[in-house]
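Visitor: Here is how the chains run, residue by residue.
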Amino acid sequence: MGKKHQTPLLDELKKGKWISFVKEIERAAEKSERTEDLLGQVEESYRDKVNHWKHGGMAGVKGYGAGMVGRFSEFPEKYPGIKECHSMRIIPSAGFFYNSDFLRKLADISEKHAGGLLNFHGATGNIQILGMSQAEAEDAFQAIAELGFDLGGSGSDLRTPSCCAGQARCEFANYDTMKICYNLTEEYQDELHRPAFNYKFKLKFSGCANDCVASAARSDLAFIGTWKDKIKINQDEVKNYTKKFNVQKYVLDKCPTKCMWFEGENLVIDDENCVKCMHCINEMPKALRAGDEKGASILIGAKAPLVTGPRMGMMLVPFYDINEDAKNDYEWLKGLISNMWEFWDEYGVSRERIGELIGRVGLNTFLEGVGLEPVPEMVEHPRSNPFIKFTEDED
Amino acid sequence: MGKKHQTPLLDELKKGKWISFVKEIERAAEKSERTEDLLGQVEESYRDKVNHWKHGGMAGVKGYGAGMVGRFSEFPEKYPGIKECHSMRIIPSAGFFYNSDFLRKLADISEKHAGGLLNFHGATGNIQILGMSQAEAEDAFQAIAELGFDLGGSGSDLRTPSCCAGQARCEFANYDTMKICYNLTEEYQDELHRPAFNYKFKLKFSGCANDCVASAARSDLAFIGTWKDKIKINQDEVKNYTKKFNVQKYVLDKCPTKCMWFEGENLVIDDENCVKCMHCINEMPKALRAGDEKGASILIGAKAPLVTGPRMGMMLVPFYDINEDAKNDYEWLKGLISNMWEFWDEYGVSRERIGELIGRVGLNTFLEGVGLEPVPEMVEHPRSNPFIKFTEDED
Amino acid sequence: MAEEVKKKRLTDIGPHDYNEYLSPTIKKNYGKWAYHEIIDTGTMVHVAENGDKLYTVRMGSPRLVSGSFVRDICDIADKYCGGHLRFTTRNNVEFLIEDEKNVEPLKKDLEKMGYNVGGIGNIVANIVHTQGWVHCHTSASDASGVVKSVMDELYEYFVEDKLPSKTRIAFACCLNMCGSVSSSDIAIVGTHRKPPRIDAERLRNLCEIPSTIAACPTNSIRPDTVDGKPGVKVNEETCVFCGSCYTVCPAMPIANAENDGLSIWVGGKVSNARTKPTFSKLAIPFIPNEPPRWPGVVNAVKTILNAYKDGAEPGERVGEWIERIGWPRFFKITGFPFTKYHIDDFRLAETTMNYSSHTRL
Amino acid sequence: MAEEVKKKRLTDIGPHDYNEYLSPTIKKNYGKWAYHEIIDTGTMVHVAENGDKLYTVRMGSPRLVSGSFVRDICDIADKYCGGHLRFTTRNNVEFLIEDEKNVEPLKKDLEKMGYNVGGIGNIVANIVHTQGWVHCHTSASDASGVVKSVMDELYEYFVEDKLPSKTRIAFACCLNMCGSVSSSDIAIVGTHRKPPRIDAERLRNLCEIPSTIAACPTNSIRPDTVDGKPGVKVNEETCVFCGSCYTVCPAMPIANAENDGLSIWVGGKVSNARTKPTFSKLAIPFIPNEPPRWPGVVNAVKTILNAYKDGAEPGERVGEWIERIGWPRFFKITGFPFTKYHIDDFRLAETTMNYSSHTRL
Ligand code: SRM
Ligand code: SRM
Ligand code: SRM
Ligand code: SRM
Ligand code: SF4
Ligand code: SF4
Ligand code: SF4
Ligand code: SF4
Ligand code: SF4
Ligand code: SF4
Ligand code: SF4
Ligand code: SF4
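Taken in sequence, the protein lines are chains C, A, F and X. Residue 0 is where the first sequence starts when you use numbering that gives the first Met the number 0, and the numbers rise one by one after that. Residue 0 is where the second sequence starts when you use numbering that gives the first Met the number 0, and the numbers rise one by one after that. Residue 0 is where the third sequence starts when you use numbering that gives the first Met the number 0, and the numbers rise one by one after that. Residue 0 is where the fourth sequence starts when you use numbering that gives the first Met the number 0, and the numbers rise one by one after that.
One chain only, chain C, in its complex shape (with noise of 0.2 Å):
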């Protein structure tokens, strides 16, 4: 069977070593005749040098306000198969674990509703299939739903939690970021299908200040695994890291603190002047461990450039017991969520961020309005300006 459509240029990014996306393309192709549209409008903004689709427009199914982004192409004659190519978002499984009969049947529904494409996964950490007309989408839902699938986030909703492997395959995991990512995603089921805030809202859950699932970076809060008591120290094995490299070069002198120093051979750690930045641990995993004391830093805020500048996560919660919570059902973080989302609702405008609303009302504001305690752990130093707005209640 010959190609339905010429793609020179697309052709040379089917050369060197690193797997081709439009090999992928071709073998979707192969079984679908949209996605050869798809790769013959993919080749035209090749050469034009523009993309090829229309802004925007309606997908999704019944009963659900998100969970399908939708997309037109600019010439619906000249590629019919693409005229609708709207994706469709699946909550993942925590941490990205799966078994090989789930994914194959993945699969199947992804060739028979769609262009047989699927992002694993999206930026989010949804699954994505991509390439489904409206028409279809009903019944790729109830096919991933017999799977035990959900549809995920898009638009002004909750978006799809997502976090690290913490304790299924990670020794560094200060609780079970899993666990609170699938509790939460359960809990909050409804902001997630039914878009009702005044932006989206990202939850991410680390297990220690590595941060494998960017949490900071892209999640208007994020939860960052930490521990409150003394680094455990196994001198034989720091003795040992000794001999193979420069541990007083690459892991004391780096330590941001410098919390940390050799008493004759001992490692001595002033863990008061600790901050938890787990680079010691992860020189030396064999040789330190953090302490019992488990929990999680929680920042908020962080977000993508527009339209006020992009934002990190800023430490909001310095310790939270989570593991504690865990036992209660994290009722006391979904009390604190939902006098977040309150407060957000009430002082925040269309289009903003919870980090820009707090930027905009000022973080003592946000406090008072969800019932925090300001901490210097909030603040990288106090103020230096001297504008201070003394208040008569504490005169």
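Hints were generated in silico from the structure; no laboratory data involved. Heads up, a few of these hints could be off.
Stated by the list, open to error - Calculated pairs, DSBU-like style, for lysine-lysine (alpha carbon to alpha carbon, straight line, at most 35 Å):
1. K238(A) x K275(X)
2. K111(X) x K30(A)
3. K339(F) x K228(F)
Put chains A, F and X with the ligands on the given structure of chain C with help from the hints.
Guide: Here is chains A, F and X with the ligands on its own, set in the frame of chain C:
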């Protein structure tokens, strides 16, 4: 002779080991009725916990718009001596070097024409004579002028420039601070005596990065000595220092760029990475000296908090070849300063310091305005937000 | 009857229980891992407190994959590890192997099938990226094509461990920056350079004027009357070509074949290891779109990577290296010109200046 | 005739030539100093390249001095150093001595006369300060009295070298901050806590309304009509009591006996040595005015100094010490409460937050 006013509260400040300003006021009051009245009013402030001065008011000498600060008592009947209590500002000798002859004569003038109280020096660097009335101003001015001294700045003018002791008494000086301070003060007398700016403008000169005249925090244009070539090392003296204290810990480890290390007993400096912070030289002055290619960095925009918050000087000219320019009567610099003042005059608004103007219009606009090229030394780091204003000419 | 149908329809079933997908070794040692060791760029082993071992083989993925790809990896997983596999947060595939004996055969099979094994340790990590011309209406460039071109060039760094630290490259096709693009070691970002074009008539029908105005970071959009009807106008003097207006208002297209392209950013990181998370900073303001292989971008990334490889100390991330040598030296070494575009002029611009005399001369 | 008189009047004579005041040794070795040595807190010696020596004896000064004080120091200078003396940038007096033999007698004489010799090395430097109730209309507190009270308490630290580094304390009587107050190791700043009172009638005569409005950092002043005439009103919800309006408009007095007082700031520095110049940060938002000896302020400064002395490493400035131990620990050690006032809420507030998970727990 008994005291004119009882001052039980101020008397408390005659106790203690630190030299007492109350005793100083009393010493002056012995010869001056008006200073007796000053004591009385200050005692009232101590009782009432507010100052008792009227707001501002006029004072000055003919042909000058600057050099005196008007001050009037709230209680002219009760304290007639300080009905008028102006201060006169006198340009100091550069580096604050004097001899006893001049100082004695000045003390006489202060007693004859004012309250016999002086400030050595005001925070900008002027000598101030306190407690003068308008009627005495002209005579005082002429007496001072006869000693070869002139009035300093006040109001929206060029403020009296000031400098550190520099080459007169400091081995660290990279240029002649006193010479340039003198030269520019002389050059810009008109700008100093006759306020015609949007607001005040301050110049300060420090011979090195220690910045002993705090130029980086207090002057619109700060000159901080630096050098281009290698730090000179006397290895024998380095060895002597290593015997005296822990050079590794207190010098090398505190170098901001960690660009020094020992090779055997020899100290090595990666000068390309040195930011001329002075720390190592400060700690080992006998062993280390700045290089031969000396000059100055120019920082712009420092000021106090009002209205938009405090500002430090920001790097404008990383290396100004000041010693070379000195040979041409600072021609290059004067050109730059005149460009700045023109730009400030044209684009600044009333009561807007030049740093605030740059903050408002952006550094690039300012650079173009004054004819400087952007260089990476000007920034802590390049931009991180993606909102780049591409312009036609660069396409 | 209608009720019955409704009941049958599945809805709001929520997230799938992940426990179903955990291998026996993982279930047994959940939360009880002791340490890990990296064996080579394709393989690591996690050792549990009780001595149990779990091997992981990592394989590169273009993220945009076919059903056939999925079946390929399922076959491998079935053959060597009980069907257990996962994806990483950077879109790689990980096979979770309980029996050490299966590690090498699995890797051989993958290589035989043409897949890329690697991505663990001090490597160039899989490039996180976005949709580009394949699926997104706001894209200023393609995503997958740029990524493929760069990864082909950097391939050796995915399979061999020879960098000072892991290098994380990210790609976004517009300033919406879908991904942790603004905080990557090297970021490539689709960039427009011309103001939006306004289709006054469509605008009236399709766009909400207040939200369009609010979407602009530089307040460049003002209400306007066009043909006696409400519309907007754009102040081209202040517009920074961000495309935010187009995101909310389809009648303000901004894509422009001749003027769109890519900018390059460096030195961001997300982890809290050692230094705090930090944004990437501008390295190159603009490189034109050069499909199909984007040589300009590929060379720029290569230049940065080479400079980093030669200059950084072991363990130093790109940004940590640059901080140590200073930005002036970064520009000198790479040969990238420093321009007015590198000096911030947005909202918090003044906080990015050098408030000191510290300077390398 | 009139012309003649005019000619006689001296005007615009400019700065005095400093060369006249330089001692022979200084003239000879100008720009040729080789190194210096600190002998004790009152004495240092500068050695020239040719071996010449210049001794400096430093003496404390309250800055606000009488003619008699001036004559005292002139007498000393005449007796021991050819009349040569200078003032430092922190208002101390320095005697410049060519003959080593004169050093000790000079110091003895000064001490006999009750003057304070010290201020060199790792000491509490003379407190730079402002006019206060003695001369300034905008002062929220006295200057000299607070300084005297603090220096009496810290006297031992001026005359003995026993601190980790030099500690620079500064005082300003209002937010205009005349002096490098916003970047001192410890800063004491006069602070109002009530909005200005508006005298509508005086305002009409004395104030320019646009510049009054522009003077407000929080845009709290709006035009208003009072009795049918133009005036201003202040939004008390947003006013931060800075007094800037009073500076430009005498009809908006802000001083308030019960509510004025002082705030304490720490950790600023100006020098570029090691770390970049940095502002002082809020330690205590408010301490009431307690004339004549301000015990609250004195104790606060003492508490900070003691904590610094006990905690800092040799060579560490106050701010460097706090950065090392972290702000939470600073508040813990000093016992100062951390309040909402410590969290910045002004223009660049968002840049002062902790954008990381770094935290001491
Ligand atoms: C599909 C996906 C990119 C991908 O290839 O993976 C994506 C695609 C789009 N994003 Fe995104 N975003 C995706 C993850 C992100 C992320 C990353 C994350 O979630 O970790 C970000 C940055 C983090 C953040 O939320 O700030 C992100 C920041 C944005 C923004 C800017 C939001 C902001 O507040 O600045 C927009 C603009 C908007 O919301 O209107 C946006 C808008 C869009 C739209 C809907 C385009 C638009 O103009 O409305 C894109 C649809 C493309 C399409 O054809 O599907 N997308 N978007 C990602 C979602 C897949 C998933 O659900 O798993
Ligand atoms: C006398 C002096 C304080 C002292 O005791 O030494 C002083 C006194 C006054 N300053 Fe100042 N300033 C003095 C040095 C400073 C400095 C320090 C410096 O120059 O190094 C600063 C901070 C640096 C700066 O310029 O930003 C300073 C920042 C201010 C400000 C705030 C300016 C700003 O842009 O934020 C004002 C308010 C104003 O300009 O209206 C101000 C205003 C005033 C006024 C004129 C009061 C007013 O509201 O207009 C004060 C007159 C008091 C009096 O009774 O004499 N003074 N003022 C200093 C001048 C003496 C001299 O000429 O040697
Ligand atoms: C598998 C994965 C988590 C997951 O749930 O999928 C993961 C797994 C591990 N990470 Fe990670 N990280 C993963 C994404 C990340 C990310 C997020 C990202 O890249 O977008 C980060 C933050 C990136 C950043 O800072 O910009 C991240 C920052 C780290 C760090 C801190 C590195 C640093 O020094 O800055 C460590 C510690 C280390 O490498 O020593 C770490 C360490 C580890 C360890 C060693 C943890 C462990 O004991 O299991 C794992 C193997 C490391 C490796 O790949 O060499 N992981 N790791 C992710 C693999 C992505 C990939 O396919 O390449
Ligand atoms: C005399 C004076 C200059 C003048 O022209 O008057 C001066 C003189 C010296 N300074 Fe200074 N500094 C003087 C004000 C300053 C200031 C400005 C200020 O305090 O307002 C600073 C910046 C303050 C800041 O950073 O906040 C200053 C920061 C330094 C430093 C850097 C200290 C640091 O580590 O941060 C040094 C280097 C050192 O001490 O090792 C230094 C070193 C020196 C040396 C050793 C230089 C030399 O070789 O002559 C001088 C004797 C030091 C001493 O007093 O222990 N000088 N020095 C000033 C004395 C003020 C006083 O009476 O106390
Ligand atoms: S964030 Fe920490 S716990 Fe989670 S996978 Fe990474 S290293 Fe492990
Ligand atoms: S975790 Fe980080 S801060 Fe704590 S001791 Fe280790 S390297 Fe230092
Ligand atoms: S600034 Fe430098 S040159 Fe000037 S007195 Fe201080 S140490 Fe000496
Ligand atoms: S001057 Fe400063 S930066 Fe340069 S070598 Fe010395 S300590 Fe390092
Ligand atoms: S980065 Fe922009 S163009 Fe790319 S997928 Fe996201 S919204 Fe679309
Ligand atoms: S492209 Fe961006 S800056 Fe320009 S008008 Fe649109 S929203 Fe405003
Ligand atoms: S700080 Fe304020 S009150 Fe004190 S002298 Fe300066 S302007 Fe006057
Ligand atoms: S005191 Fe300050 S904040 Fe209040 S109205 Fe006056 S200028 Fe504005």
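Visitor: Against each hint, give a clear statement of whether it holds in the structure.
Guide: Structure-based check of each hint:
1. K238(A) x K275(X): OK: K238(A) and K275(X) at ~29 Å, within 35 Å.
2. K111(X) x K30(A): holds, 24 Å
3. K339(F) x K228(F): violated, 39 Å
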